[in-house]
Amino acid sequence: MSKRTAFLLVALAGMLADLATKSWVFSALGVDDPRGPIPPGSIEVLPGCLAWRASTNTGIVWGLFQGVPWLFTALSFVAVPVIVTLFWKASAPGWRFTIALALVLAGALGNGYDRVVYGRVRDFIDVYVIHYPSFNVADSWICIGVALLAWHLIAEPKPAPPAEDGRSGTPAPKKA
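Note that this note's numbering has the sequence shown beginning at 1144, numbered continuously upward.
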């Protein structure tokens, strides 16, 4: 499978997983329209640690910058072509880079869909061992993708430095 095909499949599968989990949890908790009031209640996954609890967010991660949803909707529209262009223009992208950008794209598409359709992002993963703001699968994809991208930037072999005489560190092929 080509890296371009893998990039598109991972991004599509990631977005669909995000949208499916949001729909399932919100439906299971009786939330018909995320734009309206969210009824109390949760689905305990790991008692004392983790629950599915419906909430919405008009801002970004951790509920920052509430009240300007139009800005983040616009950023979603900008992020998608930027991510695709970064990948498509990369010369010989490695698998780590491919998966990293595909996951970031999946998250941007999933949350972007919510912003366009609902004017807010649907969150439901509630970790409360140490209280952490609710998040969703798209947020997870973005965080994992950014971590992989950082790993890629740190671990990727660097080109050889130029020699002292200004030529490249790689010797030129010998002429016959």
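Among the hints, erroneous ones may be present.
[What the hints assert, rightly or not] Distance ranges between label pairs, derived from CB positions:
id: 1; residue 1: G1262; residue 2: L1159; range: 37 to 47 angstroms
id: 2; residue 1: D1175; residue 2: G1210; range: 30 to 40 angstroms
id: 3; residue 1: K1232; residue 2: I1186; range: 38 to 48 angstroms
id: 4; residue 1: R1147; residue 2: P1276; range: 14 to 24 angstroms
id: 5; residue 1: L1207; residue 2: L1151; range: 46 to 56 angstroms
id: 6; residue 1: D1175; residue 2: V1204; range: 40 to 50 angstroms
id: 7; residue 1: L1296; residue 2: V1188; range: 31 to 41 angstroms
id: 8; residue 1: G1184; residue 2: P1276; range: 29 to 39 angstroms
id: 9; residue 1: F1220; residue 2: W1167; range: 33 to 43 angstroms
id: 10; residue 1: P1183; residue 2: K1232; range: 27 to 37 angstroms
id: 11; residue 1: A1160; residue 2: L1218; range: 16 to 26 angstroms
id: 12; residue 1: R1147; residue 2: F1220; range: 21 to 31 angstroms
id: 13; residue 1: G1237; residue 2: G1202; range: 29 to 39 angstroms
id: 14; residue 1: G1173; residue 2: A1235; range: 43 to 53 angstroms
Note that these hints are calculated values from the structure, not bench results.
Note that the coordinates shown come from a computational prediction; the quantities given were computed from them, not determined experimentally.
Cβ coordinates follow ideal geometry from the N, Cα and C atoms, glycine included.
Hints broken by the structure, by number, lowest first? 1, 2, 4, 5, 6, 8, 9, 10
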